[in-house]
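Engineer: Sequence:
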Amino acid sequence: MNSPGLLELVVILFLAWAFLGPQKMMEGARSLGKAYREFRGYATAAPLGSDDVTEKEKIRSSAEKLGIDTAGMNQNEIKTAMVEKLSNE
Numbered sequence: 001m002n003s004p005g006l007l008e009l010v011v012i013l014f015l016a017w018a019f020l021g022p023q024k025m026m027e028g029a030r031s032l033g034k035a036y037r038e039f040r041g042y043a044t045a046a047p048l049g050s051d052d053v054t055e056k057e058k059i060r061s062s063a064e065k066l067g068i069d070t071a072g073m074n075q076n077e078i079k080t081a082m083v084e085k086l087s088n089e
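The numbering of the sequence shown is the numbering used here, which starts it at 1 and goes up by one.
Honestly, the hints are just simulated from the structure, not real lab data. Fair warning: there could be bad hints in the mix.
Here are the simulated PhoX-like pairs of lysine-lysine, each with C-alpha atoms no more than 20 angstroms apart in a straight line [unchecked claim]:
no., residue 1, residue 2
1, LYS56, LYS79
2, LYS34, LYS24
3, LYS79, LYS58
4, LYS65, LYS34
5, LYS79, LYS65
6, LYS34, LYS58
7, LYS56, LYS24
Sequences are here, hints too, so could you generate the full structure?
Structural biologist: Okay, structure coming up:
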């Protein structure tokens, strides 16, 4: 009893069609579809950004374990310094 059944949904759609008309219902459905697509795009893109931060943190912490000062260095510079440090050992 928590969600509307099929009959209730049909009645709601019929009343919406009667009050809004077919043109407005199609525009509303289109805008709801676009909003849902945007929401799904943001939801799938959000975890990717957090993985990038984790990768940067892993590289920085590995370099600091090797005794490399990472202050003011970007990711490529840190990687290069790590390779040089490891090849010298």
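Engineer: Now, for every hint given, state plainly whether the structure supports it.
Structural biologist: Quick rundown of the hints versus the structure:
With a CA separation close to 10 angstroms, the supplied pair LYS56 and LYS79 stays within the 20 angstroms bound. At most 20 angstroms may separate the alpha-carbon atoms for a hinted pair to count; LYS34 and LYS24 meet this at roughly 15 angstroms. Restraint check: the Cα-Cα separation between LYS79 and LYS58 comes to about 11 angstroms, which is no more than 20 angstroms; the hinted pair holds. The straight-line distance between the Cα atoms of LYS65 and LYS34 is roughly 48 angstroms, outside the 20 angstroms bound, and the hint therefore fails.
Simply put, LYS79 and LYS65 have alpha-carbon atoms about 13 angstroms apart, close enough for the 20 angstroms limit, and the pair holds. The suggested pairing of LYS34 with LYS58 is violated, with an alpha-carbon distance near 37 angstroms, which exceeds 20 angstroms. Restraint check for LYS56 and LYS24: the C-alpha separation of about 49 angstroms exceeds 20 angstroms, so the hint is violated.
Checked against the numbered hints given earlier, this structure breaks hints 4, 6 and 7; the rest are met.
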